[in-house]
Amino acid sequence: MGKGLPKRSEDYSQWYNELVKKADLAEHSAVRGCMVIKPYGFSIWEKMQAALDKMFKDTGHTNAYFPLFVPKSYLSKEADHVEGFAKECAVVTHYRLKNAEDGSGVVVDPDAKLEEELIVRPTSETVIWNTYKNWIQSYRDLPLLINQWANVVRWEMRTRLFLRTAEFLWQEGHTAHATKQEAIDETVQMLNVYAEFAEKHMAMPVYKGVKTESERFPGAIDTYCIEALMQDGKALQAGTSHFLGQNFARAFDVKFADKEGKLDLVWGTSWGVSTRLMGALIMAHSDDDGLVLPPKLAPIQVVIVPIFKNEEQLNAITEVVDKIQAELKALNISVKFDTRDTNSPGWKFAEYELKGVPVRMAIGPRDLENGTIEVARRDTKEKEVVAVDGVVKKVQDLLEDIQENIYKKALHYRESNTTKVDTYEEFKSVLDGKGGFVLAHWDGTPETEEKIKEETKATIRCIPVDAPEESGKCVYSGKPSGRRVLFARAY
RNA sequence: CGGGGCGUAGCGCAGUCCGGUUAGCGUACCUGGUUUGGGACCAGGGGGUCGCAGGUUCGAAUCCUGCCGCCCCGACCA
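Position 156 (the first sequence) corresponds to 276 in the numbering used here; numbering is contiguous.
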């Protein structure tokens with residue numbers, strides 16, 4: 121069913137686009153590449169934010185806010201950083217409009233040209249390090265552990281709702297430390313926070329790893345990442361954590377006095393996840409009938425659909441449902457009782473499936489007689505009729521089971537779509553066949569990486585952090601390699 | 001940013017090639033009635049700057065030019 125929803129097997133990207141719109145998650149705005157996040161979609165994002173924010177606070181971070189505009193001169197202070205972002209920056213050149221002489225509307229007032237142009241932040245390292253310079257004098261000011269929730273703008277040429285938009289929402293953590301090791305530990309810690317969030321809340325298994333030089337964040341020494349597998353066999357980078365070394369401290373002259381009074385540059389990290397996670401969530405679990413949401417992130421966890429012919433019946437049903445609702449709410453389970461008589465029960469069933477509500481209950485006159493209620497789970501579409509007594513416990517268990525089940529399903533999918541290969545022929549045939557992740561030996565050179573990318577469109581997603589030492593030969597060059605790296609075609 | 005496709009009611013589309021009454025269909029919406037255990041039915045009704053701006057013409061959704069947006073492929077990029 122899924123009225124009008126294309127099948128994943130027929131056109132995966134069309135399926136994704138339609139699902140985002142039909143499930144009321146987001147829509148395009150008038151400006152190219154920008155999106156309106158609709159209430160239902162934003163509710164999911166808010167749930168993600170709340171869980172992540174708590175994890176950041178629990179690891180000692182505090183939130184702050186830095187401005188949207190970055191003076192142009194800041195961006196040029198760290199060479200790699202400019203190089204990486206220059207091509208996709210929106211620039212503010214004027215600060216005033218005026219009415220057009222010919223009455224055709226408003227025009228930019230040429231007299232209101234800014235002395236120094238402003239960049240709309242593509243990321244905030246530069247403003248933040250420029251600020252940290254004033255905040256940090258001695259080792260006593262360290263570590264500085266700050267996060268901000270913000271929007272950023274990257275002028276992308278090719279956009280997809282959530283996956284890559286010109287403006288997107290994210291959080292960016294920016295920390296400063298006295299020692300290299302402490303900064304590395306922080307980088308790894310936040311990588312683990314992301315992985316835990318992905319697995320426990322999004323029910324999405326991820327590989328943790330380090331990016332190769334060519335995939336590294338501009339200005340970082342090392343970029344760590346979590347990589348997830350989507351149902352079409354393509355990989356998606358779901359979060360990054362960067363060890364910045366002393367690069368930004370050097371560029372913005374951020375020094376601290378240690379216990380001996382000696383001045384040294386501080387060590388930095390930055391890390392972020394964005395509304396792209398929404399895209400990951402959709403593509404990790406959903407099916408041809410619509411969204412499948414993990415209970416922990418579902419805006420509505422349980423929906424109750426009454427089946428009635430008249431008001432008396434609805435009243436009788438409501439009496440039973442009110443009790444159930446109260447008990448569910450006491451357990452912090454969000455529940456919606458949909459009493460609208462403007463849509464049929466069947467219509468509602470389809471609608472809540474489209475929207476990915478994990479558990480649906482239906483109750484009608486027949487159930488009232490029998491003291492029963494129908495309980496259906498979204499992930500497997502299984503239905504069963506159970507006694508009203510004890511249904512609350514049943515639902516509570518079911519929510520946990522769904523959370524676990526969709527994780528296991530995604531994990532199984534990823535395991536069976538992660539293939540070890542030892543020859544280039546195999547490498548190519550796996551990519552063109554079942555797709556997914558490919559574990560292969562690589563000689564460690566950017567040249568080989570580039571050639572493979574040109575020939576197969578697959579990139580090195582990461583060097584897994586837990587990759588076992590294993591001597592082998594590069595699938596492309598035949599040169600020696602010490603471990604396998606993770607390849608895939610990616611979003 | 002290059003190649004291709006598309007833009008007509010909230011959504012999905014026909015009409016465009018070959019210009020000509022009042023621009024149509026499905027769905028959604030409103031009213032009334034019958035219905036309600038997997039996207040109900042009948043009757044009546046409202047809703048349109050035909051993406052935007054110019055041009056050609058007696059007359060433009062239709063022909064011409066420019067622009068905007070979306071989709072697919074590519075280049076670029078997280």
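By construction, these hints were calculated from the structure, which means they are not laboratory data. The reader is advised that the hints may include incorrect statements.
Unchecked claim - In silico DSSO-like links for lysine-lysine, alpha-carbon gap of 27 Å or less: (1) K456 with K468; (2) K253 with K192; (3) K429 with K468; (4) K503 with K514; (5) K177 with K253; (6) K513 with K503; (7) K328 with K142; (8) K127 with K142; (9) K127 with K475; (10) K375 with K429; (11) K197 with K253; (12) K253 with K142; (13) K127 with K501; (14) K548 with K514; (15) K571 with K593.
Claimed, not checked - Distance ranges between label pairs, derived from CB positions: (16) K382 with T182: 24 to 32 Å; (17) C154 with P465: 33 to 41 Å; (18) D352 with K456: 46 to 54 Å; (19) P187 with D373: 16 to 24 Å; (20) D521 with V226: 56 to 64 Å; (21) D461 with V151: 36 to 44 Å.
Cβ coordinates follow ideal geometry from the N, Cα and C atoms, glycine included.
Here is how each hint holds up against the structure:
1. K456 with K468: holds (12 Å)
2. K253 with K192: Holds, at roughly 18 Å.
3. K429 with K468: Holds, because 16 Å separates the two Cα atoms, which is no more than 27 Å.
4. K503 with K514: holds (13 Å)
5. K177 with K253: holds (24 Å)
6. K513 with K503: holds (16 Å)
7. K328 with K142: violated (33 Å)
8. K127 with K142: This hinted pair holds, its Cα atoms lying about 14 Å apart.
9. K127 with K475: Satisfied, since the Cα-Cα distance of roughly 16 Å is no more than 27 Å.
10. K375 with K429: violated (74 Å)
11. K197 with K253: Holds, at roughly 14 Å.
12. K253 with K142: violated (48 Å)
13. K127 with K501: holds (17 Å)
14. K548 with K514: violated (47 Å)
15. K571 with K593: holds (16 Å)
16. K382 with T182: 24 to 32 Å: Given range 24 to 32 Å: holds, Cβ gap about 28 Å.
17. C154 with P465: 33 to 41 Å: Because 38 Å falls inside the window, the suggested range holds.
18. D352 with K456: 46 to 54 Å: Distance hint for D352, K456 is violated at roughly 32 Å.
19. P187 with D373: 16 to 24 Å: holds (20 Å)
20. D521 with V226: 56 to 64 Å: The hinted range 56 to 64 Å holds for D521 and V226, with Cβ atoms some 57 Å apart.
21. D461 with V151: 36 to 44 Å: At roughly 40 Å between Cβ atoms, V151 and D461 fall inside 36 to 44 Å, so the hint holds.
Hints 7, 10, 12, 14, 18, counting from the list given before, are not met by this structure.
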